[in-house]
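Colleague: Read top to bottom, the protein sequences are chains A and L.
Going left to right, the first sequence walks through residues 3 to 424 as the numbering used here numbers them.
Going left to right, the second sequence walks through residues 3 to 424 as the numbering used here numbers them.
To be clear, the hints were calculated from the coordinates, so they are not data collected in a lab.
Any given hint might turn out to be false.
Identical copies look the same in the list; a pair holds intra-copy or inter-copy alike.
Claimed, not checked - Calculated cross-link-like contacts (lysine to aspartate or glutamate; reagent style EDC-like; alpha-carbon spacing at most 20 Å):
no., residue 1, residue 2
1, LYS423, GLU138
2, LYS169, GLU338
3, LYS45, GLU82
4, LYS271, GLU338
5, LYS173, GLU402
6, LYS246, GLU273
7, LYS169, GLU273
8, LYS246, GLU374
9, LYS169, ASP134
10, LYS423, GLU161
11, LYS173, GLU374
12, LYS45, GLU319
13, LYS45, ASP134
14, LYS169, GLU347
15, LYS169, GLU247
16, LYS271, ASP58
17, LYS173, ASP28
18, LYS246, GLU148
19, LYS173, ASP30
There are 2 protein chains.
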Amino acid sequence: MTTRQMSLCAFLLRHGHHVAAWRHPDTDLVAPPFAVYRELVEKAERAALDAVFFADSVALTGAPSLEPITLLSALAAVTERIGLIATATTTYNEPYHVARLFASLDSISNGRAGWNLVTSDNAAEAANFGRDRHVEHGQRYVRAREFHQVVDGLWRSWEEGAFVNDKAAGKLLDPGRVRQLDHQGEHFRVAGPLNVPPSPQGRPLVVQAGSSEPGRALAAATADVVFTAQPSLAAAQAFYRDMKERVVQQGRTAHSLRITPGIFAVVGKTEGEARDKFATLQGLIEPQAGLALLGRMIGNFDLSGYPLDGPLPALPETADGQRSRQQLLTQLAQGENLTIRQLYERIAGGRGHLTVVGTAAQVADQMQLWFENEAADGFNLMPPTLPGGLDDLLELVVPELQRRGLFRTAYDSSTLRGHLKL
Amino acid sequence: MTTRQMSLCAFLLRHGHHVAAWRHPDTDLVAPPFAVYRELVEKAERAALDAVFFADSVALTGAPSLEPITLLSALAAVTERIGLIATATTTYNEPYHVARLFASLDSISNGRAGWNLVTSDNAAEAANFGRDRHVEHGQRYVRAREFHQVVDGLWRSWEEGAFVNDKAAGKLLDPGRVRQLDHQGEHFRVAGPLNVPPSPQGRPLVVQAGSSEPGRALAAATADVVFTAQPSLAAAQAFYRDMKERVVQQGRTAHSLRITPGIFAVVGKTEGEARDKFATLQGLIEPQAGLALLGRMIGNFDLSGYPLDGPLPALPETADGQRSRQQLLTQLAQGENLTIRQLYERIAGGRGHLTVVGTAAQVADQMQLWFENEAADGFNLMPPTLPGGLDDLLELVVPELQRRGLFRTAYDSSTLRGHLKL
Ligand SMILES: Cc1cc2nc3c(=O)[nH]c(=O)nc-3n(C[C@H](O)[C@H](O)[C@H](O)COP(=O)(O)O)c2cc1C
Ligand SMILES: Cc1cc2nc3c(=O)[nH]c(=O)nc-3n(C[C@H](O)[C@H](O)[C@H](O)COP(=O)(O)O)c2cc1C
């Protein structure tokens, strides 16, 4: 009998997850970005991770980066096994395009594509698509649901036997097995079929990362994996329980949805070394960058007029998409009596995700605790800096998890769904 | 002094350009498509071609295929020099997405990306984007012009010196050198800036392939390269002259726009072998497939009720986008008294492009004639079948052009603009 295994995904941001990562000596600011990513992903594959994940935004926030679907397509050509997950927003895209891009990535990668389906939340995105602001949060999710329905329908364009491939008879396709979608909904009318051939996974993996009420409902109905930010074991357990109940209510099995919180881990050979590493990073935070990050996370509120070492001011109520995060942060500040500076230091690394600073054993302890206590089916690994922070996770933490029998030592399947046993 | 050199691009369709290519023994229908394309493009690179080109349609027409931008991104990772050109329609896209995808491809490929900017012409595309039919031809070009303006503006987001990269001073970007676009037009409002870093070409190459009055005007104003279908030397010369005049009227130099007609060449070691090859292909045309191709080319007219060996019926006037092609074909049928079958056989290979069946020397003669007589600055090579048809072009015709000093024997630059001396 094999014991239950964690799923592990490397969540890679341009310079690492810490807000000051780009200032760290670790980070190469001038190397061509694709060359940098290629090396990181090759390492993650050598560690047999399930996947790498690239987030996305259709506006400039912080440093510019590569568009993730082109990036993953290029990485597909130089890797063999590792899953390739990218974000694409349902708010400013058309489902026919998104269905094609991921179906094509799935074909190119021989079955390793995953789509992180999001609703746009970053306010700056609206202005790149002819709008002053996003449509309202609930409406974004209504569109997202229908968007998923269309994409999923397009991915099912090819029935078994659709490709006849009979040269002698002059019959390439069997039109009776090519499914016309003919979707007619509130937001979309899409005839189909998809014009990309079927891929090894059939349908790329679907990931969802919203945690509001409609976000959870959408995930329970549609997702294979949920990404989530959970700061404590108790919070993660509550989220896990809620999501598994929702999935079962949808008539799905509990394990058909994998819940993978993020973990921001600063790893050292000793606890002292880890603390020093973290202190170095914290010392690199420019107040401006800290304020900008905090301001974004509390709902695009400009904090620059307030004293850094004073308390967080009373905030205006924010738009829905940011409400739960705003509440979390104001409660944290009040509960622990934090100044503005202390508050942005608190989120400068993990941005609300589980944060661990310690040895590989200490990090693995936390992961095991969550994994064995209905808080997580796996984790999104968030390296503080790149490449060093990823090296630490792959060379120190992953082997520790393997020693404990919590993570496989080699791939035993070739598709992303296969890695996740979905 | 180096003599003027042809530009050569391989225009690759799923199974080759002949409508019956998929039935030819040459064609592998079951191999994973990426593996097939990879081999073809590696060959084209060994022949030092300027570029490969993948056409696109956002609806199913014939056989399904990979989405070209994901495909080219993957190919970018396994090639070094060859240019990578893909179509993206301006009719059913948003400029922010298109600007990002090509900028990212340009970064990944170290400066080898090209965008074939088209307006949607294939009627089936509308129904995948919530419409019963396309907006009217002239309006599509108005949108295309503004679309290009936005994409080009986004590609210019980064002024020299925008990246400060000063870790010590905590200064990553110089906001004064990041260009906010703030485009406000009839079709688009786009704030910018682009969130992809600048790429080696600065701006990817722009190709235009329309030949109507507004298509030519758009190309003269915006394109680096024009793709065109020209059946005869005289027609090609007239098109060439017209386009060069238009470019000069725009205040550009004549050679800043490269005009590259397509050539459908069936090549044999002897003329007899070439003729036999062509006859084999022509013999594989299913009447249904021939009728469907012809029907599409004369404006989506259903010819299935008419006798194959009778004349082309009088046709209803078609939409603008297909008018010039419809006229060309009806004139051809009347002028030579062709039956429906003879007419579809005439277009089954080259679809209106220059067609040559003969030895490498005979093919090279035609190309040289066009190249030296103001009909072409280079060619889009259209292999009849794949991989064999491409092998013939690369192994027989290209060396012949090299012997004549018309095409270089190795790359002397690393970007697509560099290959084309643009
Ligand atoms: C691990 C993780 C990754 C995310 N990645 C993205 C992303 O790439 N792009 C994006 O716009 N939002 C991303 N989000 C944000 C969520 O998708 C969602 O928009 C946000 O949580 C607000 O939705 P909600 O109101 O349902 O919580 C991510 C969230 C998490 C937890
Ligand atoms: C070599 C060549 C390649 C083309 N590739 C595409 C393509 O990939 N997708 C597409 O929709 N149209 C393609 N076209 C069609 C033209 O872009 C254009 O839509 C068509 O010629 C009608 O435009 P017009 O009315 O300006 O002539 C291509 C044309 C040529 C000559």
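Colleague: If a hint holds in the structure, say so; if it doesn't, say that too.
Modeller: Outcome of the hint check:
1. LYS423 / GLU138: For LYS423 and GLU138, the Cα distance exceeds 20 Å both inside one copy (36 Å) and across copies (50 Å).
2. LYS169 / GLU338: Classified as neither; 73 Å inside a copy, 32 Å across copies.
3. LYS45 / GLU82: within (12 Å within a copy, 23 Å between copies)
4. LYS271 / GLU338: neither (30 Å within a copy, 84 Å between copies)
5. LYS173 / GLU402: neither (55 Å within a copy, 38 Å between copies)
6. LYS246 / GLU273: neither (35 Å within a copy, 70 Å between copies)
7. LYS169 / GLU273: The answer is neither: 67 Å in one copy and 27 Å across copies each exceed 20 Å.
8. LYS246 / GLU374: Close inside one copy (15 Å), not across copies (71 Å); limit 20 Å.
9. LYS169 / ASP134: neither (54 Å within a copy, 35 Å between copies)
10. LYS423 / GLU161: Cα proximity of LYS423 and GLU161: none, with 23 Å in one copy and 48 Å across.
11. LYS173 / GLU374: Answer is neither; intra-copy 54 Å and inter-copy 43 Å both fail.
12. LYS45 / GLU319: So LYS45 and GLU319 fail the 20 Å test inside a copy (43 Å) and across (60 Å) alike.
13. LYS45 / ASP134: neither (42 Å within a copy, 49 Å between copies)
14. LYS169 / GLU347: The answer is between: 19 Å across copies meets 20 Å, while 66 Å in one copy does not.
15. LYS169 / GLU247: neither (51 Å within a copy, 47 Å between copies)
16. LYS271 / ASP58: neither (33 Å within a copy, 53 Å between copies)
17. LYS173 / ASP28: between (57 Å within a copy, 16 Å between copies)
18. LYS246 / GLU148: Neither: 23 Å inside a chain and 48 Å across chains, both beyond 20 Å.
19. LYS173 / ASP30: between (54 Å within a copy, 15 Å between copies)
Hints 1, 2, 4, 5, 6, 7, 9, 10, 11, 12, 13, 15, 16 and 18 from the list above are not met by this structure, while the remaining hints are.
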